[in-house]
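Here are the chains, one letter per residue:
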Amino acid sequence: MSENPPPQAARKKNGAVTLSMVTYFLLALRNLTRNMRRTVLTLIALVVAIGSLTFMLTLTEGYLGSMKDNFVLTNFGHIQVNAPGFQEDGLIDNYMADTGPAIAAAQADPNVIASSQRVYVSGLANVATASAAIIVIGVEPEIEKSVTRMAGFVTDGAWLEVGDNGGVVLGIDVAETLEAELGDKVVMTTQAPGGDFSSQVFRVRGVMESGTPEIDRLMAIVTLEAAQAWLELGDGATTVVLRVDNHENTDVVYERMLDQLDGQLFETQRWFDVDPFIQQIVESSDTSIIFILAIVVVVVLGEIINTMFMALYERTREFGLMEALGTGRRQLFAMLLWETTVLVSIGGALGYGGAAILTAIYGKRGIDLTAFTESLSSLYMDPIIHPVMDLKITVYILATIAITALLAGVLPAWRATKLNPVEAMRQI
Amino acid sequence: MALIETKDLMKVYGLGEVSVKALDGVNLKVEKGEFLVLAGRSGSGKTTLLNMLGALDMPDSGTVRIHGEEYQQLSKNKRALFRLRHIGFVFQAYNLIRVLSARENVAYVLELQGMAKAERLERADKWLEEVGLGGFGKRRPDQLSGGQQQRVAVARALAAAPDIVLADEPTANLDSTTATELLDLLVELNETHNTTFIFASHDPDVISRAKRLIQMQDGRIASDETKG
Ligand SMILES: Nc1ncnc2c1ncn2[C@@H]1O[C@H](COP(=O)(O)OP(=O)(O)O)[C@@H](O)[C@H]1O
Ligand SMILES: [Mg+2]
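In order, the protein sequence lines correspond to chains D and W. So the first sequence is residues 1 to 428, counted in my numbering. So the second sequence is residues 1001 to 1228, counted in my numbering.
Heads up, a few of these hints could be off.
[Stated by the list, open to error] Partner residues aside, some chain D positions facing chain W, computed with beta carbon under 8 Å:
| # | residue |
| --- | --- |
| 1 | T18 |
| 2 | T23 |
| 3 | R30 |
| 4 | R34 |
| 5 | N35 |
| 6 | R38 |
| 7 | T316 |
| 8 | E318 |
| 9 | M322 |
| 10 | A324 |
| 11 | G328 |
| 12 | L350 |
| 13 | V422 |
Worth flagging that the hints you see were computed from the coordinates, not collected in a lab. The C-beta atom is built at its ideal place from N, Cα and C for all residues, glycine as well.
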């Protein structure tokens, strides 16, 4: 009579009961393919939910990004530095006699791509038959090109040449009001520091159309040198405009500028300090994204919990058997959690992958909303949306998938550990 | 010390007037290497007793000692561990995990016991060979006949080197030829490995192989005879 020798490991009295990750994964995968129809249906729901959520995020990212770009690059720049008081009243009296420290701080900042000086002053433009209220902007013609897109808005004639101190580029509505053609003379009148009125004659070199009413109706652009001479500002200017490499860095650059210019007489503002409207749109869209996210999570959660409970009931007998064989509660729990996780991961990966492909395709091609363009352009919105995938979205989606898997997996898994093996094995 | 010793096992199902005494004071000693059959009519308490002996179910009162250890004191989790180390089960049907192959079914319990992969697969193959299923290791349960499935269950029970193998109506779903072959195997395993077997069955074929036969009636032991 030979004994059945116990295997060494089997008699480790305190050795914890274990199953390997490979075993859990294998069980999960095979059990999921056991009811292919149900698994596929659940996967479709997951792919659609995660996929459309992802694509919606990239679309939103795309149009919000272009909206910010459009606002910032149309005219304002990311950050503006002024002399104290100028932001309050816009009076030319509050100009910076020396822009040197602001320019130096901007040029030293690693996240500032470019910076330019401007003179802002309000006034009146006259021709023989008509007049129009204007805002005169004195710009550095070449440098301005690397700060904003203004030069690109010229639809008729040309942008100012360096040294062309007798030329003006008018907003299209200004030009229409004045019935001014290229080459026409326009008399522009404004107040110099101290309050004296001062007039100057300019020739129309170009007409610009930005699609943004504030610009098209008011702008009259001359060279910085012309404005300085006209208003007797010397080397001074009212404003230094900064272009930052990335919207995300606006705040850090802003903080550094405040630091750098601390104790000197400057005021600094970000684009959204001036026009909070767009920032409000961005924030309200963040809120609605979280709202939609919550809805998607709840719907998907319900679907998966339902699927997993069906799987649990279908296999009640088998879980009872496993328990009879010595499977611990932890192992049963892990088994169902793994199954849910594998299911959600596959669905999530396919959904995310599909949306990423769509984003790549439409990111290049763009989604054309020209039909709505009239109402959109005043919101600095491009008629063509280019969806953008970024790290933030990827993290969002990954987190959604992980949370969904955990939430959906825990309940059925917990129920599995509550089964009584004797009762469970009564079931067929 | 006996391998198994029960004292005044009681188990009542239901409450009040419709309650059933499934076990009504069972005192039983089983020694190592026995080949014991619990017989008796349907509803006489065979399964209930077997489940108590296997730490699957808890008595309302009374004690079960296996190796002098009382499992009633243990938590649900510890009882699972207790079964893993001491008890092998062969049930009437649906013994196998459906998504695992024959050798994976055998190896599953060995993995729970903490055995390394190569070792447990080798051991699984050896035991499949032993029950006459060499070469069937890769088959899933639905690719095996009822008799073959029961053999895999036997291989799984024995591979884990338990103190006791409990089999509840193991032949009930088999035709008589297949049942006879399975019983031949079990008797042989009892003799070659000195493994303790306890059956619950009213199958005459099983009863005729018993080395010790206990008749159950209304949750009590009605007779207890040791043969040859
Ligand atoms: N879970 C249960 N609930 C109610 N009654 C039960 C339950 N399990 C067993 N019984 C009853 O206990 C008695 C013994 O059952 P059982 O041990 O299964 O007998 P056997 O295996 O000999 O057929 C029977 O009367 C049965 O109806
Ligand atoms: Mg029974």
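Cross-check of the supplied hints:
no., hint, in the structure
1, T18, "holds, 6 Å"
2, T23, "holds, 6 Å"
3, R30, "holds, 4 Å"
4, R34, "holds, 6 Å"
5, N35, "violated, 11 Å"
6, R38, "violated, 15 Å"
7, T316, "violated, 11 Å"
8, E318, "holds, 6 Å"
9, M322, "holds, 7 Å"
10, A324, "holds, 5 Å"
11, G328, "holds, 5 Å"
12, L350, "violated, 23 Å"
13, V422, "holds, 5 Å"
The structure shown violates the earlier hints numbered 5, 6, 7, 12.
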